[in-house]
Amino acid sequence: MAMKGARIVVECLKKEKVDTLFCYPGGVVIPIFDELFQHGDGIRMVQPRHEQGGTHAADGYARVTGRPGVVLVTSGPGATNTVTGIATAYIDSIPMVVITGQVPTQYVGTDAFQEADITGISLPITKENILVTDIEDLAPSLKRAFHIAVSGRPGPVLVDIPKDVLLASTAFEYPEEFSLESYRPVSKGHPRQVAKALEMMSQAERPLILAGGGIQISGSTELANTFIDKTGIPFVHTLMGHGINPRNRDLPSGNIGMHGTVYGNWAVQNCDLLIALGTRFSDRILGDTVSFAPRAKIIHVDVDPAEIGKNVEVDVPIVGDLRHVLEKWIEADRPMPDFSPWVKAIREKRLANPLTYTQKEDIVPQYVMEKAREAFPENLIVVTDVGQNQMWAHQYFDTNRPRSFVSSGGLGTMGFGVPAGIGAKLGCPEREVLVIAGDGGFQMTMQELITIRREKLPVKIMVLDNGYLGMVRQWQDLFHDKRYSGVLLDNNPNFAELARVLGIRGRQVTRVDEVAEAMTELAQSKEAMLLHVIVKEEENVFPMVAAGASLNDTRTS
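According to my numbering, the sequence shown is numbered sequentially starting from 1.
Treat the hints as calculated values from the structure; they're not laboratory data. Note that CB positions come from ideal geometry on N, CA and C, so glycine has one too. Fair warning: there could be bad hints in the mix.
As the list claims (entries may be wrong) - Derived CB-CB ranges, DEER-like:
1) Met336 / Arg192: 17 to 27 Å
2) Gly42 / Glu181: 32 to 42 Å
3) Val108 / His190: 17 to 27 Å
4) Gly27 / Asp553: 50 to 60 Å
5) Leu488 / Ser187: 47 to 57 Å
6) Arg247 / Tyr183: 36 to 46 Å
7) Asp333 / Phe37: 23 to 33 Å
8) Arg483 / Thr520: 34 to 44 Å
9) Val108 / Glu177: 29 to 39 Å
10) Arg192 / Phe113: 52 to 62 Å
To be verified - Taking lysine to any residue pairs in the SDA-like style, the calculated list, with each CA pair at most 20 Å apart, reads:
11) Lys526 / Leu502
12) Lys344 / Asn270
13) Lys14 / His39
14) Lys188 / Ser151
15) Lys17 / Gly27
16) Lys4 / Asp137
17) Lys15 / Ala2
18) Lys15 / Ala171
19) Lys14 / Gly66
20) Lys328 / Pro317
21) Lys230 / Lys360
22) Lys456 / Glu432
23) Lys360 / Val512
24) Lys349 / Phe542
25) Lys536 / Lys456
Work the whole structure out from these sequences, hints included.
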């Protein structure tokens, strides 16, 4: 049966079992919306208040479910408004399919109304992008997009469809399988390298596992926990590696890098073997590359060969899916030495250097984080914005399940939190979702409170308001003699009142003795609620390693 291109798009989404579509209409994509109205049964259409918010929501959905987030927007500004969200997903390896409308093919390149070269614009921030100029290529292009988005190292794929292709007709045939000679990600680690890595572990005295975001992305969290329990090797994690939770609670762990724990950074600097699992070795982790892990040989496992050796020289590179490599290591059942002296040394370092803060008259954010952690259930999904709030959440929330800490890592996108929280709640409606944001990032996408109200999503939001762009102010404090330039947010509204105007329950907290009770109210609310907490203006995030400094130079004040 012949179908118009717009109907083919809808049928392709059904074939891919897309249940949630983050979409914003416009002239070029009206035919798709018309087909969704008539034939989009089973697809929940979620309309954000801005295309960037929709893309971040698709990102949050993908992070908690492992399935690709799907976005549909119109041409020109509709497409360009997705760029920040696409770049956020790209650097964090989040699967996403972005479908954009385009002006009719005969007008492409003529500066037509609402025309933008979105395939050219998005080329550096997508795994692939496709401009469909022939109706016969439409279904295969969408199949290709979904396959590439989720395979190998996941990431966003963009499909740009001119209006005349949407209006043209052809027989609908959706490919059952997809293969591409030039795209064959390696899934299995080389057996010799896998065995060599185990041999090195069995000879080490002070091995350390560095858990990156690839563990979450590959669905390998439980395998990693089993391997850690089996070997007794202690571990540290990156921001994106949040969620490792071995059953052996005696194993000390900690986050590392610029705002890593003292003992986590110390462990990296003193290990003799570093086993890096699914991490990019970003500058925020490495600090000074020359002095990073100076005593260690390095094993690096990653599905993307481009990441191995890019920032750090490694001794045993293993290209492959983490799930396969961890399964082989566990199956080998290789006897390991007694690492308890090394574990004890890290534990003693942790006891001597705990995370600390001082709570006096003004509310400090660390205290708020502790009370939130106490009030919310263990299966909580924490979604952060970016800045100081993100780092405090990273330090004080130990999530005990995979895909439970959602944060913009590599791009550091302010405004990510609220829309990503929407996507997380849509992806996992049975779980509590807490969005933690600062006053700066919150105001970048706070219009998405309307989306929360419209979709009746019981998302909980906590805004930490210090009247500054806090992380930039902290750098100006520590490295620029307190020359606070361009960071003062001295005209913030009462965000609780704003929430109430938009139909969402809100409460403002200004006193220390209100925090615990307000947090309990937030956690127990059956509907969406925003807590606006006025916190100490000049509280800094510690520990901290200055940009480019050695992890040996972790400062605590």
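The hints, checked one at a time:
no.: 1; hint: Met336 / Arg192: 17 to 27 Å; verdict: 20 Å, holds
no.: 2; hint: Gly42 / Glu181: 32 to 42 Å; verdict: 34 Å, holds
no.: 3; hint: Val108 / His190: 17 to 27 Å; verdict: 45 Å, violated
no.: 4; hint: Gly27 / Asp553: 50 to 60 Å; verdict: 56 Å, holds
no.: 5; hint: Leu488 / Ser187: 47 to 57 Å; verdict: 51 Å, holds
no.: 6; hint: Arg247 / Tyr183: 36 to 46 Å; verdict: 38 Å, holds
no.: 7; hint: Asp333 / Phe37: 23 to 33 Å; verdict: 57 Å, violated
no.: 8; hint: Arg483 / Thr520: 34 to 44 Å; verdict: 41 Å, holds
no.: 9; hint: Val108 / Glu177: 29 to 39 Å; verdict: 31 Å, holds
no.: 10; hint: Arg192 / Phe113: 52 to 62 Å; verdict: 59 Å, holds
no.: 11; hint: Lys526 / Leu502; verdict: 17 Å, holds
no.: 12; hint: Lys344 / Asn270; verdict: 13 Å, holds
no.: 13; hint: Lys14 / His39; verdict: 10 Å, holds
no.: 14; hint: Lys188 / Ser151; verdict: 13 Å, holds
no.: 15; hint: Lys17 / Gly27; verdict: 26 Å, violated
no.: 16; hint: Lys4 / Asp137; verdict: 13 Å, holds
no.: 17; hint: Lys15 / Ala2; verdict: 17 Å, holds
no.: 18; hint: Lys15 / Ala171; verdict: 15 Å, holds
no.: 19; hint: Lys14 / Gly66; verdict: 18 Å, holds
no.: 20; hint: Lys328 / Pro317; verdict: 16 Å, holds
no.: 21; hint: Lys230 / Lys360; verdict: 44 Å, violated
no.: 22; hint: Lys456 / Glu432; verdict: 14 Å, holds
no.: 23; hint: Lys360 / Val512; verdict: 8 Å, holds
no.: 24; hint: Lys349 / Phe542; verdict: 16 Å, holds
no.: 25; hint: Lys536 / Lys456; verdict: 33 Å, violated
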